[in-house]
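**Student:** Residues per chain, in single letters:
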Amino acid sequence: MARNPVTWLGSPTFPKAAKEALQDTQLRQNLRKATGTIRGRREAAVAEMTDWEQLRVAGEQIKDDVLARLDTLLVQLEESVTARGGVVHWARDAEEANRIVLDLCRAEQADEVVKVKSMATAEIGLNEALEAGGVHAIETDLAELIVQLGDDRPSHILVPAIHRNRSEIREIFQRRMGVEVSDEPADLAEAARVYLREKFLTTRVAISGANFAVADTGSIVVLESEGNGRMCLTLPETLITVMGIEKLVPTWQDLEVFLQLLPRSSTAERMNPYTSVWTGVTPGDGPQRFHLVLIDNGRTATLTDSVGRQALRCIRCSACLNVCPVYERTGGKSYGSVYPGPIGAILTPQLVGDLHDPQAASLPFASSLCGACFEVCPVRIDIPSVLTHLRAEVVEAKGRTAESVAMAAAAWMFREASRYEKAQKAGSLARFLARDGKITSLPWPGSKWTSSRDVPAPPAESFRAWWRKNRG
Amino acid sequence: MRVKVALFATCLTDTFFPETARAVVRLLERLGCSVEFPLDQTCCGQMHFNTGYRELSKPLARKYTDVFGSYDYVVAPSGSCAGMVREVHPTLGESPPRTFELAEFLVDVLGVIDVGAWFPHRVTYHPTCHSLRMLGVGDKPLALLRAVKALDLVELPDSTHCCGFGGTFAVKNAETSTAMLADKMTSVLSTGAEVVSAGDNSCLMHIGGGLSRLRTGVRPVHLAEILASTEEDPWLATR
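Order-wise, the sequence lines are chains A and B.
In case it helps, the UniProt record's numbering puts the first sequence at residues 1 to 472.
In case it helps, the UniProt record's numbering puts the second sequence at residues 1 to 239.
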């Protein structure tokens, strides 16, 4: 089987990638500012809602129901879409999905396509596959465009160019669009508008993802803020939508929950600015050919894990990224995947499905388990619990290591208070390493701690020794 | 009737910070509790569980139930260890006894806010992630600190942000952990406090370890030690 392009080939493990990213002063500043701002706005937008917790529970329940009935709901979706004039394609993995889309583009004799921002197409590496097949894909979401023109990689689910500030964006635009532009946001937006407008009017094929697909009506829903997606979804003659199989909701009414949860969680908006909904093909209005490509790409395998499957509830809002203290400092690219941050740390390794892949296996450990992600998740994914669950799977797959031997020894010691006390007494001798009540340098792996932190000298007498002497 | 309490000191506090456990004993006895310390106790298994050694943590969870099962109340001077017992032990097949983090035991069970403490220092408080998000301790520690005589409480900016400890995260992802710590220390230093307090010695060991390395002179002091301190028997910077 081909490797899953959800992780970028050649990416180092998380600790290595993070170490390098942490030295990027500009990145640290950009992320601190951007995540700090959006965190505050989300909090205010959510605080306005008196029924937020009920909405979260509803979102969780609807998604869990979808996952439990995915087989029948997907067939229902196919029937609904087909009945309204669309064509449904099924893809087991990225390779299959990319081939389907490329063939569809070739059938339209298109050498250029416009794209609506889409995580699914990023996950399968569609742009690269199309390029290799002679079809150039133009990203029309402003942040995606910045990433594409900068020959860069995305670092955020919602704002893929969050690692860039406006002077960096100005530089990219001047270099790639050949225009003079200031670093004022309005000027930058205008430059992008002029650049994209021509593409919207001349390109015959558009490719999108989907935020939701309604099984009983066959309607596809895309939420965006710029209107560029709306242009792609209405002007071209042919529309190809690539969608993960978990993006379903059973009925039209279920959307009411998610259309409240998603905008407030992602962009801190009360109502989403551009919500596009289409159902198959409408003669004389919008694209006249519609293809829906349903991708599995590791989802069915994820579904078999009773703890890990909750990651498939994700609606890609990015709230967990914005509150994550790890993400805020390392940035998204350290995760080596289109899905960074806390959700990436649990979704990516499951989609990869190979516990022996050192990069993917390092991701569940990229968290201090502070729980800020779970607190904000609109569909209540218990990310810390999934992280420890996946850590246990990684540890089991690795088998016997120096760490596992040390951990087993520690557990053996803790099983009997007498052994624990002996170890305590032996350990307290380390106080003779101390100067001024602290130890400043330890051999590996303790050096990983003492590289930046002192260790208090162990006391001459443990609490239990004191208790035994005074109270026992 | 005196409330009978079992103290779960936690392995870290028992071994490295005995003054915290002694302070819990002093405080709870002053408030009329009778405190017992079952000597068979060791560790709740949190390090093993959180690092992916779920199977190795199971006998430790079982041991906890065996040691403390007969008590109505178990009190731990640690939000993360109390969280491990309350939230994780049930997933390991245990029915643990009622286990409380110190601040919630004082406020929710004993119903006290003013514990009669005296602590003439400028203090800032880091709420710790597991107390905050796993146990929902909320602002109970702050309420307790506000009632301490002579204490000058300064609000910690971005207090709810993780300090970067995270158990083995601090060594597995040492650079990221340190970057988080750097920002926490900046917040602590911006308050001008002499003492940074928390309800968990693991986070305090991390924050304090960084503050010590930089020779900031800011001292980490567990909440229990502040609440145990009185005019007659004041906390002293002995270590």
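Keep in mind that a hint or two might mislead.
Unchecked claim - With a straight-line Cα cutoff of 27 Å, these simulated DSSO-like cross-link-like pairs (lysine-lysine) come out: (1) K58/B to K149/B; (2) K438/A to K172/B; (3) K438/A to K398/A; (4) K469/A to K149/B; (5) K149/B to K425/A; (6) K33/A to K16/A; (7) K19/A to K422/A; (8) K149/B to K422/A; (9) K438/A to K422/A; (10) K19/A to K149/B; (11) K58/B to K16/A; (12) K448/A to K438/A; (13) K469/A to K438/A; (14) K469/A to K425/A; (15) K398/A to K425/A; (16) K19/A to K425/A; (17) K469/A to K422/A; (18) K398/A to K4/B; (19) K469/A to K448/A; (20) K425/A to K16/A; (21) K16/A to K422/A; (22) K398/A to K58/B; (23) K448/A to K422/A; (24) K425/A to K438/A; (25) K4/B to K448/A.
Source of the hints: derived by calculation from the structure; they are not laboratory data.
**Student:** If a hint holds in the structure, say so; if it doesn't, say that too.
**Tutor:** Here is what the structure says about each hint:
1. K58/B to K149/B: At roughly 43 Å apart (the allowed maximum being 27 Å), K149/B and K58/B break the hint.
2. K438/A to K172/B: holds (22 Å)
3. K438/A to K398/A: violated (35 Å)
4. K469/A to K149/B: Distance of about 32 Å is beyond 27 Å: violated.
5. K149/B to K425/A: Outside the cut-off at roughly 38 Å; violated.
6. K33/A to K16/A: Cα-Cα ~24 Å, so holds.
7. K19/A to K422/A: At roughly 38 Å apart (the allowed maximum being 27 Å), K422/A and K19/A break the hint.
8. K149/B to K422/A: Violated: K149/B and K422/A sit about 41 Å apart, past 27 Å.
9. K438/A to K422/A: holds (22 Å)
10. K19/A to K149/B: Distance of about 45 Å is beyond 27 Å: violated.
11. K58/B to K16/A: violated (32 Å)
12. K448/A to K438/A: holds (16 Å)
13. K469/A to K438/A: holds (26 Å)
14. K469/A to K425/A: Holds, at roughly 15 Å.
15. K398/A to K425/A: violated (33 Å)
16. K19/A to K425/A: Given pair K19/A, K425/A is violated - Cα atoms ~36 Å apart, limit 27 Å.
17. K469/A to K422/A: Answer holds: K469/A to K422/A is near 16 Å, not above 27 Å.
18. K398/A to K4/B: It is violated: about 45 Å lies between the C-alpha atoms, which goes past 27 Å.
19. K469/A to K448/A: Violated - the C-alpha atoms of K448/A and K469/A are around 36 Å apart, more than 27 Å.
20. K425/A to K16/A: Distance of about 36 Å is beyond 27 Å: violated.
21. K16/A to K422/A: At roughly 37 Å apart (the allowed maximum being 27 Å), K422/A and K16/A break the hint.
22. K398/A to K58/B: Status holds; Cα separation ~20 Å.
23. K448/A to K422/A: holds (26 Å)
24. K425/A to K438/A: holds (18 Å)
25. K4/B to K448/A: The hint is violated at about 42 Å.
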